[in-house]
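J.: Listed here are the chains, written in short residue letters.
There are 4 protein chains.
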Amino acid sequence: MQKITILIHCKDQKGIIAAVTTFIAKVEGNITYIDQHVELDQNVFFMRLECELTNHRITIENLKTDFEQTIATDFEMSWDLYNQEQKPKMALFVSKYDHCLFDILGRYSAGELNVDIPVIISNHNDLRSIAERFDIPFHCVPFTKDNKEEGEKHQIELLKRFQINFIVLARYMQIITPNLISLYENKIINIHHSFLPAFPGAKPYHSAFKRGVKIIGATSHYVTEELDEGPIIEQDIARVSHIHSVDDFIMKGRDLERIVLARAIKLHAERKTMVYGNKTVVFS
Amino acid sequence: MQKITILIHCKDQKGIIAAVTTFIAKVEGNITYIDQHVELDQNVFFMRLECELTNHRITIENLKTDFEQTIATDFEMSWDLYNQEQKPKMALFVSKYDHCLFDILGRYSAGELNVDIPVIISNHNDLRSIAERFDIPFHCVPFTKDNKEEGEKHQIELLKRFQINFIVLARYMQIITPNLISLYENKIINIHHSFLPAFPGAKPYHSAFKRGVKIIGATSHYVTEELDEGPIIEQDIARVSHIHSVDDFIMKGRDLERIVLARAIKLHAERKTMVYGNKTVVFS
Amino acid sequence: MQKITILIHCKDQKGIIAAVTTFIAKVEGNITYIDQHVELDQNVFFMRLECELTNHRITIENLKTDFEQTIATDFEMSWDLYNQEQKPKMALFVSKYDHCLFDILGRYSAGELNVDIPVIISNHNDLRSIAERFDIPFHCVPFTKDNKEEGEKHQIELLKRFQINFIVLARYMQIITPNLISLYENKIINIHHSFLPAFPGAKPYHSAFKRGVKIIGATSHYVTEELDEGPIIEQDIARVSHIHSVDDFIMKGRDLERIVLARAIKLHAERKTMVYGNKTVVFS
Amino acid sequence: MQKITILIHCKDQKGIIAAVTTFIAKVEGNITYIDQHVELDQNVFFMRLECELTNHRITIENLKTDFEQTIATDFEMSWDLYNQEQKPKMALFVSKYDHCLFDILGRYSAGELNVDIPVIISNHNDLRSIAERFDIPFHCVPFTKDNKEEGEKHQIELLKRFQINFIVLARYMQIITPNLISLYENKIINIHHSFLPAFPGAKPYHSAFKRGVKIIGATSHYVTEELDEGPIIEQDIARVSHIHSVDDFIMKGRDLERIVLARAIKLHAERKTMVYGNKTVVFS
Numbered sequence: 131m132q133k134i135t136i137l138i139h140c141k142d143q144k145g146i147i148a149a150v151t152t153f154i155a156k157v158e159g160n161i162t163y164i165d166q167h168v169e170l171d172q173n174v175f176f177m178r179l180e181c182e183l184t185n186h187r188i189t190i191e192n193l194k195t196d197f198e199q200t201i202a203t204d205f206e207m208s209w210d211l212y213n214q215e216q217k218p219k220m221a222l223f224v225s226k227y228d229h230c231l232f233d234i235l236g237r238y239s240a241g242e243l244n245v246d247i248p249v250i251i252s253n254h255n256d257l258r259s260i261a262e263r264f265d266i267p268f269h270c271v272p273f274t275k276d277n278k279e280e281g282e283k284h285q286i287e288l289l290k291r292f293q294i295n296f297i298v299l300a301r302y303m304q305i306i307t308p309n310l311i312s313l314y315e316n317k318i319i320n321i322h323h324s325f326l327p328a329f330p331g332a333k334p335y336h337s338a339f340k341r342g343v344k345i346i347g348a349t350s351h352y353v354t355e356e357l358d359e360g361p362i363i364e365q366d367i368a369r370v371s372h373i374h375s376v377d378d379f380i381m382k383g384r385d386l387e388r389i390v391l392a393r394a395i396k397l398h399a400e401r402k403t404m405v406y407g408n409k410t411v412v413f414s
Numbered sequence: 131m132q133k134i135t136i137l138i139h140c141k142d143q144k145g146i147i148a149a150v151t152t153f154i155a156k157v158e159g160n161i162t163y164i165d166q167h168v169e170l171d172q173n174v175f176f177m178r179l180e181c182e183l184t185n186h187r188i189t190i191e192n193l194k195t196d197f198e199q200t201i202a203t204d205f206e207m208s209w210d211l212y213n214q215e216q217k218p219k220m221a222l223f224v225s226k227y228d229h230c231l232f233d234i235l236g237r238y239s240a241g242e243l244n245v246d247i248p249v250i251i252s253n254h255n256d257l258r259s260i261a262e263r264f265d266i267p268f269h270c271v272p273f274t275k276d277n278k279e280e281g282e283k284h285q286i287e288l289l290k291r292f293q294i295n296f297i298v299l300a301r302y303m304q305i306i307t308p309n310l311i312s313l314y315e316n317k318i319i320n321i322h323h324s325f326l327p328a329f330p331g332a333k334p335y336h337s338a339f340k341r342g343v344k345i346i347g348a349t350s351h352y353v354t355e356e357l358d359e360g361p362i363i364e365q366d367i368a369r370v371s372h373i374h375s376v377d378d379f380i381m382k383g384r385d386l387e388r389i390v391l392a393r394a395i396k397l398h399a400e401r402k403t404m405v406y407g408n409k410t411v412v413f414s
Numbered sequence: 131m132q133k134i135t136i137l138i139h140c141k142d143q144k145g146i147i148a149a150v151t152t153f154i155a156k157v158e159g160n161i162t163y164i165d166q167h168v169e170l171d172q173n174v175f176f177m178r179l180e181c182e183l184t185n186h187r188i189t190i191e192n193l194k195t196d197f198e199q200t201i202a203t204d205f206e207m208s209w210d211l212y213n214q215e216q217k218p219k220m221a222l223f224v225s226k227y228d229h230c231l232f233d234i235l236g237r238y239s240a241g242e243l244n245v246d247i248p249v250i251i252s253n254h255n256d257l258r259s260i261a262e263r264f265d266i267p268f269h270c271v272p273f274t275k276d277n278k279e280e281g282e283k284h285q286i287e288l289l290k291r292f293q294i295n296f297i298v299l300a301r302y303m304q305i306i307t308p309n310l311i312s313l314y315e316n317k318i319i320n321i322h323h324s325f326l327p328a329f330p331g332a333k334p335y336h337s338a339f340k341r342g343v344k345i346i347g348a349t350s351h352y353v354t355e356e357l358d359e360g361p362i363i364e365q366d367i368a369r370v371s372h373i374h375s376v377d378d379f380i381m382k383g384r385d386l387e388r389i390v391l392a393r394a395i396k397l398h399a400e401r402k403t404m405v406y407g408n409k410t411v412v413f414s
Numbered sequence: 131m132q133k134i135t136i137l138i139h140c141k142d143q144k145g146i147i148a149a150v151t152t153f154i155a156k157v158e159g160n161i162t163y164i165d166q167h168v169e170l171d172q173n174v175f176f177m178r179l180e181c182e183l184t185n186h187r188i189t190i191e192n193l194k195t196d197f198e199q200t201i202a203t204d205f206e207m208s209w210d211l212y213n214q215e216q217k218p219k220m221a222l223f224v225s226k227y228d229h230c231l232f233d234i235l236g237r238y239s240a241g242e243l244n245v246d247i248p249v250i251i252s253n254h255n256d257l258r259s260i261a262e263r264f265d266i267p268f269h270c271v272p273f274t275k276d277n278k279e280e281g282e283k284h285q286i287e288l289l290k291r292f293q294i295n296f297i298v299l300a301r302y303m304q305i306i307t308p309n310l311i312s313l314y315e316n317k318i319i320n321i322h323h324s325f326l327p328a329f330p331g332a333k334p335y336h337s338a339f340k341r342g343v344k345i346i347g348a349t350s351h352y353v354t355e356e357l358d359e360g361p362i363i364e365q366d367i368a369r370v371s372h373i374h375s376v377d378d379f380i381m382k383g384r385d386l387e388r389i390v391l392a393r394a395i396k397l398h399a400e401r402k403t404m405v406y407g408n409k410t411v412v413f414s
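Residue numbers (the working numbering), protein chains in the order written: chain U, 131 to 414; chain Y, 131 to 414; chain C, 131 to 414; chain B, 131 to 414.
Looking at chain U on its own, in the form it has when it is part of the complex:
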């Protein structure tokens, strides 16, 4: 029995759900999960569907062709169909902060993340020993302002060599180039250490402390060319008070960063996110 996930979006029209569910019934699929959303402002329809295929004579390739011809063309759909057994390949970009890396690798080793991590890429060697501890290839791609392009070229080679599906910036602290962003559109996940859109840019904990907020946050989002402005996947917060110093903010923030990034990775890996305009639909 094969388990598949289908993601669809298209202009909202009458009869889409009926057409899709009738199609699944026709191919003897059993729908185990269906969720949909209509974005009224833009009149866009989104759907996520999981089903089990019990008829062994139907291959995924045939199914795709059939779906494209029977349904997708008529409704002018953008769509993807995933075999749930196939784990996406994820590259980790890190720099010098180790707490998110420890958290992700701990979860990965404990079997919590439905991904493969074939490579960790960094512009520094500081975290190499952690990668080795978890037996994951570590590639240091150092660069300066002057040879950033070369560095990016090297990064892209590695991403291709390891057939990477999506990238996670685990406190990577470097700005991603437009070229790399375009190669991985809505497939690069960043963790920002503030409750965006409050305190974008550098040193958000210092700014939050200065402003005297009573709650701090962290935000995971897809990377776009506008710094810290990409579609938000997940956010969470923690309470602070006058007794907390900037260092306390930073320490509490580490827990937020860990958990908010881990949730975003899981959502993306399980194909539960869809992007439209500058927002996400998160089917969870």
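Quick caveat, the hints were computed from the structure, so don't treat them as lab data. Backbone N, C-alpha and C fix where the C-beta goes; we use that ideal spot for every residue, glycine too. One or more hints might be untrue.
Stated by the list, open to error - Cβ-Cβ distance ranges computed for the label pairs, FRET-style:
{"id": "1", "chain 1": "Y", "residue 1": "SER259", "chain 2": "C", "residue 2": "HIS374", "range": "34 to 42 Å"}
{"id": "2", "chain 1": "B", "residue 1": "GLN143", "chain 2": "Y", "residue 2": "ASP276", "range": "31 to 39 Å"}
{"id": "3", "chain 1": "Y", "residue 1": "GLU359", "chain 2": "C", "residue 2": "GLY331", "range": "43 to 51 Å"}
{"id": "4", "chain 1": "Y", "residue 1": "VAL157", "chain 2": "U", "residue 2": "ILE286", "range": "51 to 59 Å"}
{"id": "5", "chain 1": "C", "residue 1": "THR307", "chain 2": "B", "residue 2": "ASN213", "range": "29 to 37 Å"}
{"id": "6", "chain 1": "C", "residue 1": "HIS186", "chain 2": "B", "residue 2": "ASP204", "range": "23 to 31 Å"}
What the hints assert, rightly or not - Examples of chain Y residues lying across from chain C (beta carbon under 10 Å, computed):
{"id": "7", "residue": "ARG237"}
{"id": "8", "residue": "ALA240"}
{"id": "9", "residue": "ASP265"}
{"id": "10", "residue": "ILE373"}
{"id": "11", "residue": "ASP385"}
Unchecked claim - Under the rule of at most 27 Å between Cα atoms (straight-line distance), these lysine-lysine pairs were calculated in the DSS-like manner:
{"id": "12", "chain 1": "Y", "residue 1": "LYS226", "chain 2": "C", "residue 2": "LYS396"}
{"id": "13", "chain 1": "U", "residue 1": "LYS340", "chain 2": "C", "residue 2": "LYS133"}
{"id": "14", "chain 1": "Y", "residue 1": "LYS409", "chain 2": "B", "residue 2": "LYS340"}
{"id": "15", "chain 1": "Y", "residue 1": "LYS194", "chain 2": "U", "residue 2": "LYS144"}
{"id": "16", "chain 1": "C", "residue 1": "LYS382", "chain 2": "Y", "residue 2": "LYS402"}
{"id": "17", "chain 1": "B", "residue 1": "LYS144", "chain 2": "U", "residue 2": "LYS382"}
{"id": "18", "chain 1": "Y", "residue 1": "LYS382", "chain 2": "U", "residue 2": "LYS382"}
{"id": "19", "chain 1": "Y", "residue 1": "LYS133", "chain 2": "C", "residue 2": "LYS382"}
{"id": "20", "chain 1": "B", "residue 1": "LYS217", "chain 2": "B", "residue 2": "LYS333"}
{"id": "21", "chain 1": "C", "residue 1": "LYS141", "chain 2": "U", "residue 2": "LYS340"}
{"id": "22", "chain 1": "B", "residue 1": "LYS382", "chain 2": "Y", "residue 2": "LYS409"}
{"id": "23", "chain 1": "C", "residue 1": "LYS156", "chain 2": "Y", "residue 2": "LYS382"}
{"id": "24", "chain 1": "Y", "residue 1": "LYS402", "chain 2": "B", "residue 2": "LYS141"}
{"id": "25", "chain 1": "C", "residue 1": "LYS133", "chain 2": "B", "residue 2": "LYS141"}
{"id": "26", "chain 1": "Y", "residue 1": "LYS340", "chain 2": "B", "residue 2": "LYS333"}
{"id": "27", "chain 1": "U", "residue 1": "LYS382", "chain 2": "B", "residue 2": "LYS217"}
{"id": "28", "chain 1": "B", "residue 1": "LYS144", "chain 2": "C", "residue 2": "LYS133"}
Using the hints, position chains Y, C and B against chain U.
T.: For chains Y, C and B alone, coordinates are given in the frame of chain U:
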């Protein structure tokens, strides 16, 4: 244009969603919201669907008949179909505590609750002036252990006279009789001032204080014959610490009770809850 | 037995706590609560102390004189000493939104707020009937851009006549003039319907919706001349997702506004807040 | 400059704070943090104080003697005085679950925990490789129902050999013997995977699922002879709904267990917890 809500549950089978959505397409309905859930343990299928009917020649009565004959019989469905414009009639049962009453009447007056409140019933006269302040008929039905049956009879007369659809116990503090429960099955909402199943019964804040918990809670649930054991609709919590006395617990708890009860009322009034076994499906 | 609250701040120096607590012991006071905070950046010391005076021959007036001469002068303290029985007088400023007003008056009637509310002031007559329902004098002070000064003059007369100690803007929607702010420095509490500093200014829910945030918030703060930039007293948040419309944000936000404003009122009324620079110390 | 932490509890009496703070002033100490609590029911006074000693001629040993003679005897205090530089030694007890172990060792390696971890003790060999990955001695002490006493003897030898100050049960799944509990009174921290006192004992996620709760939790507490009844240090919760299976509860619970246990370890290691009766005072 009429807006309707359909709630369905039945044994899980292939093709239900396809059949229902095809039916809606056939009657020129436009589905604006669909959500479903399969309870795997019991193999039960649940669905909530909102749609707009643009064809003015189709009446809700015809639609119901058509649905019953075309779909519901085949799949052996239990189902309800509501006209969204028709507000349910809600009776408030109160005793001496006023904070939930103030909150509900404030929200009602501010237009937040999609209900009519034709009557407030109490075993005491203490809160009569509040009801009068909000211009809602207040009926005092006092009773003792010895004439509880008579009291119940009077309550049921009032519920019939005012054509009550569901009952809210706003810190009513009396045990509802099995007879009344059976008349309003899954239609009596209680607010319990603890994080059930911790601290059932009386004086939960005192028990929580004694146990030294760091979090207190409140729970809204449908009333069943087993005290504090009915299907849970909504829960929420607040942090406490060693600095808080029992009185502080009670004061913090009042905010929890208000908000958790208000949320349950909204969910029920908008037909977003379904009960199965001793649990709820909450489509929100 | 008299119960008093003392608030102190001064330059941080050795021996302050010892001096103060020794003073209290000398006058036969029993300290029931003490909390202190040192703001390291600015080297400022803050203290809040509650105590019971068992010696009936000591009047509060004598105590104040004694404290000033024995302690406060030496340490160059700014300080206040309150009789806990004396409730502060609070004015409510409202406009057309009714949900915060209902919530505050409900809590007030239920005895939850340690304040007197001798007057409600509004620039419109819309909410007059609510004030009347709760038997609180309602004064409509309308004004336009052109006669704002006159309006303010009338407001200040009312504040004086009713001997108002602090002002609460319950979704008042008007900018307070610098003159009035200076008369009630750190004594005007506003509720802003966003998680400041995100989305300052008008229509924050619309901005939050557009940005695609996964969490919305509300912020209560003291009013200063910089709009939405005053010292934050309390914040809270609620989760939202792609299924929520702007109207859903607004409805969820109403609950946040109610609760965050009510908490700020309680903290201020119980003298648990102190302001320094643009921040608050909240002893809770 | 030495930094010290003092913990005190005794019968509540007038003048304690004055006496202690005057003592600190006398030895030229600079109080950087002071917090106190009076448990009214039992009339017990608790205090936590941090201070810097600038006079290099005063040793901690002298200070202790001086404090005992000048203050502690008079007030019949129980007290401890810690040098903040001295990290407590913590033993980890594990069994087969790896997620809490990964989390603790990741935090430890990242420098977040103010402890030394000289040994990991387990009744199984399953997690040995993780300990080795982090270079921490791993001792397998297997035992059966029949030779539990021997096993305990071996455990205690290890605890002595490594001079262990406190023990953390990271999902250890075995009941600790009364003898070991008495040796480490209020020094053994357990993580229970439910919101105690709801769902004590085994399989709490299954019970929570069956009950249909809308919120699950985790609880860290000191181990006493009554199973799952010891003083609670910290709790936290996560929302669940009808869409979540028992496996989803377990997966969400892992995050709760990690974070609630890590917070308890930090609080204990920084001497921020005090136990009285069956409760904790947590100065944070």
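J.: Work down the list of hints and note, for each, if the structure agrees.
T.: Hint check results:
1. SER259/Y - HIS374/C: 34 to 42 Å: For HIS374/C against SER259/Y, whose Cβ atoms are near 38 Å apart, the range 34 to 42 Å holds.
2. GLN143/B - ASP276/Y: 31 to 39 Å: 53 Å, violated
3. GLU359/Y - GLY331/C: 43 to 51 Å: Because 49 Å falls inside the window, the suggested range holds.
4. VAL157/Y - ILE286/U: 51 to 59 Å: 53 Å, holds
5. THR307/C - ASN213/B: 29 to 37 Å: 56 Å, violated
6. HIS186/C - ASP204/B: 23 to 31 Å: 28 Å, holds
7. ARG237: With Cβ-Cβ at 7 Å, under 10 Å, it holds.
8. ALA240: 5 Å, holds
9. ASP265: Check passed: Cβ of ASP265/Y comes within 9 Å of chain C, closer than 10 Å.
10. ILE373: 9 Å, holds
11. ASP385: With Cβ-Cβ at 6 Å, under 10 Å, it holds.
12. LYS226/Y - LYS396/C: 24 Å, holds
13. LYS340/U - LYS133/C: 35 Å, violated
14. LYS409/Y - LYS340/B: Holds, at roughly 8 Å.
15. LYS194/Y - LYS144/U: The hint holds at about 21 Å.
16. LYS382/C - LYS402/Y: Holds. LYS382/C to LYS402/Y sits at ~17 Å (cutoff 27 Å).
17. LYS144/B - LYS382/U: 37 Å, violated
18. LYS382/Y - LYS382/U: Answer holds: LYS382/Y to LYS382/U is near 25 Å, not above 27 Å.
19. LYS133/Y - LYS382/C: 23 Å, holds
20. LYS217/B - LYS333/B: Roughly 35 Å separates the two Cα atoms, so the pair is violated.
21. LYS141/C - LYS340/U: Within the cut-off at roughly 20 Å; holds.
22. LYS382/B - LYS409/Y: 20 Å, holds
23. LYS156/C - LYS382/Y: Roughly 36 Å separates the two Cα atoms, so the pair is violated.
24. LYS402/Y - LYS141/B: Judged against 27 Å, a Cα distance of about 55 Å means the pair is violated.
25. LYS133/C - LYS141/B: 22 Å, holds
26. LYS340/Y - LYS333/B: 25 Å, holds
27. LYS382/U - LYS217/B: 21 Å, holds
28. LYS144/B - LYS133/C: 16 Å, holds
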